[in-house]
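Protein chains in written order, with numbering that gives the first Met the number 0: chain V, 0 to 253; chain L, 0 to 260.
Careful, some of the hints might be misleading.
As the list claims (entries may be wrong) - As a list, the in silico SDA-like pairs of lysine to any residue whose alpha-carbon atoms are at most 20 Å apart:
1) L/Lys78 / V/Ile232
2) L/Lys192 / L/Ile169
3) V/Lys239 / L/Leu253
4) L/Lys244 / V/Ala78
5) V/Lys233 / L/Leu256
6) L/Lys120 / L/Ala107
7) L/Lys244 / V/Lys233
8) V/Lys239 / L/Asn259
9) V/Lys233 / L/Glu227
What the hints assert, rightly or not - Residues of chain L clear of chain V, computed beta-carbon distances all greater than 12 Å:
10) Ala123
11) Ala166
12) Asn224
Unchecked claim - Okay, the calculated bits of chain L under chain V, using three or more residues with CB under 8 Å as the criterion:
13) 17-27
14) 69-77
15) 106-119
16) 132-141
17) 151-157
18) 189-202
These are computed hints drawn from the structure, not numbers from a lab.
Where a beta carbon is used, it is the ideal one built from N, C-alpha and C, also for glycine.
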Amino acid sequence: MDRLVFTSLGSITNQTHVRAQITNNLANVSTVGFKQSFAVASQSVDVQGEGFATRTSLETVGQDVINLQPGVTNRTGRAMDIALQDSTVLGVQGNDGDIAFTRRGDLRVSPLGLIENSAGHLILGENGPINVPPGQLLTISPDGSVFGALPGDPAIPPVLLGTLVLRDASEMPLTRRADGLFEPIDEQFRGADFPTGPMPASLVSGSLEGSNVNPIEAMVQLMDFSRSYESQIKMIKEIKGIDENGASMMRVPA
Amino acid sequence: MDASLWIAKTGLTAQQTRMQVISNNLANVNTTGFKKDRAVFEDLLYQNIVTAGGQTDAESQTPTGLMLGTGTRVVATEKLHGQGNIINTENALDVAVTGDGFLAVQQADGTIAYTRDGSMKMDAQGQLVTAGGQALVPAIQIPENATSVTIGRDGTVTAELANGGGAAQIGQIQLSIFVNNSGLQPVGRNLLKPTEASGAAIVSIPGEGGSGMLMQGSLEASNVNVVEEMVNMIETQRAYEINSKAISAADGMLRFLNNNL
């Protein structure tokens with residue numbers, strides 16, 4: 000068969016990845032603190048072979064850099080809901096024990112009395128996990144300090160329980176781990192803490208950041224890829240016709 | 000088949016679950032002591048298509064990998080234990096808890112359940128029971144010759160006795176607090192049960208050790224905010240539509256493939 004058909008096929012296969020990513024963004028329009036990745040980059044690769052050098056095929060290259068553009072912030076009024084500002088990320092402990100980062104701010108107290116998020120990841124403090132004694136009323140200040148007070152005793156000043164690991168990632172590109180948490184792309188800081196950037200790392204308590212997926216943009220992209228897919232199928236159909244014509248011309252008359 | 004079909008399907012399922020949670024909140028807008036739920040979304044595991052750090056040639060490596068997401072799911076529903084409005088009922092046996100803490104009640108199977116619903120009644124034996132007929136723990140017996148009952152902010156129950164019998168302290172209402180309120184398991188009938196996640200109950204006198212106070216003659220209304228739920232409902236509906244659009248787009252592509260090849 001003509002080699003042309005493989006060029007079209009290669010293009011379809013690669014675009015499948017992009018569509019899967021767009022659909023995943025759409026599926027996560029309601030996930031707290033979800034960040035979409037920058038679009039999958041494709042590059043053209045020259046295909047060597049006999050004949051003229053006209054064949055270039057499409058290849059998807061890895062470029063899963065987290066887009067830290069803020070999502071919509073919703074006011075919930077719950078003291079343990081925090082919305083991270085600008086490019087601030089929050090340090091958590093991944094299930095593999097490594098330090099990873101997230102934008103999820105729906106915090107809660109675990110049965111062991113430690114602060115974790117709703118996805119069950121342990122939140123790290125500057126001096127290890129933050130322990131919350133029972134009955135404490137928590138407040139989280141914009142710089143990430145967690146204060147606990149006993150509601151019955153207003154005379155006792157709030158006690159500093161720990162400080163959240165807040166890092167400004169405006170100059171530190173982040174990538175995604177298989178469990179959806181973020182880690183620095185830089186080999187040197189992978190699975191570890193990284194120095195905070197020049198912007199102040201801050202949060203707003205009593206609010207939650209939604210997903211930063213723009214549904215309109217994603218829908219338009221999806222339409223674009225649907226049409227592109229149809230053109231590729233049309234192309235394959237044309238090639239099929241050319242091949243059939245060739246075969247019928249060469250047929251030995253009965 | 001096409002991966003995006005299944006990814007969009009996870010979105011539909013999750014939004015459907017969220018809709019159930021919202022409907023349940025709205026249905027309980029007048030339930031005494033009800034605490035609203037929130038559906039907690041989480042992105043599913045990622046598929047590694049291109050590994051980060053793979054060699055592109057002898058000298059260079061790919062700086063980042065290509066991770067494809069596989070959708071979303073509702074990982075949990077979380078009860079938000081914010082304070083509901085305090086409604087004055089002027090009924091002497093109604094108590095509202097202001098602040099943290101639950102009233103403990105005895106279940107028929109011998110276990111103890113916890114509630115924020117303080118609309119108490121007297122049973123045939125003069126014991127304080129909840130609207131569901133479950134006795135308070137520790138039990139409080141109201142004497143037959145009591146003319147009025149006073150419940151203090153710290154939970155002391157005093158009865159004024161008839162024929163100049165004077166006031167007598169007849170019991171103490173206690174509050175139970177938990178390390179993680181959200182970990183309590185709702186079992187219906189306004190009751191919650193402790194779990195591994197909530198930790199064991201810490202019993203204290205109201206106002207001590209971080210627990211709230213009692214307010215006689217009042218009830219705590221549901222903490223569902225109708226406007227908020229309506230907005231959540233609109234958002235859920237639109238997110239559902241978007242995901243079904245993604246399914247129909249993938250479906251259209253597959254149909255085009257079948258019709259043309």
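A quick look at each hint next to the structure:
{"no.": "1", "hint": "L/Lys78 / V/Ile232", "verdict": "50 Å, violated"}
{"no.": "2", "hint": "L/Lys192 / L/Ile169", "verdict": "28 Å, violated"}
{"no.": "3", "hint": "V/Lys239 / L/Leu253", "verdict": "18 Å, holds"}
{"no.": "4", "hint": "L/Lys244 / V/Ala78", "verdict": "36 Å, violated"}
{"no.": "5", "hint": "V/Lys233 / L/Leu256", "verdict": "9 Å, holds"}
{"no.": "6", "hint": "L/Lys120 / L/Ala107", "verdict": "17 Å, holds"}
{"no.": "7", "hint": "L/Lys244 / V/Lys233", "verdict": "23 Å, violated"}
{"no.": "8", "hint": "V/Lys239 / L/Asn259", "verdict": "11 Å, holds"}
{"no.": "9", "hint": "V/Lys233 / L/Glu227", "verdict": "48 Å, violated"}
{"no.": "10", "hint": "Ala123", "verdict": "36 Å, holds"}
{"no.": "11", "hint": "Ala166", "verdict": "26 Å, holds"}
{"no.": "12", "hint": "Asn224", "verdict": "9 Å, violated"}
{"no.": "13", "hint": "17-27", "verdict": "violated (count 1)"}
{"no.": "14", "hint": "69-77", "verdict": "holds (count 6)"}
{"no.": "15", "hint": "106-119", "verdict": "violated (count 0)"}
{"no.": "16", "hint": "132-141", "verdict": "violated (count 0)"}
{"no.": "17", "hint": "151-157", "verdict": "violated (count 0)"}
{"no.": "18", "hint": "189-202", "verdict": "holds (count 5)"}
Hint compliance for this structure: hints 1, 2, 4, 7, 9, 12, 13, 15, 16, 17 are not met, and every other hint is.
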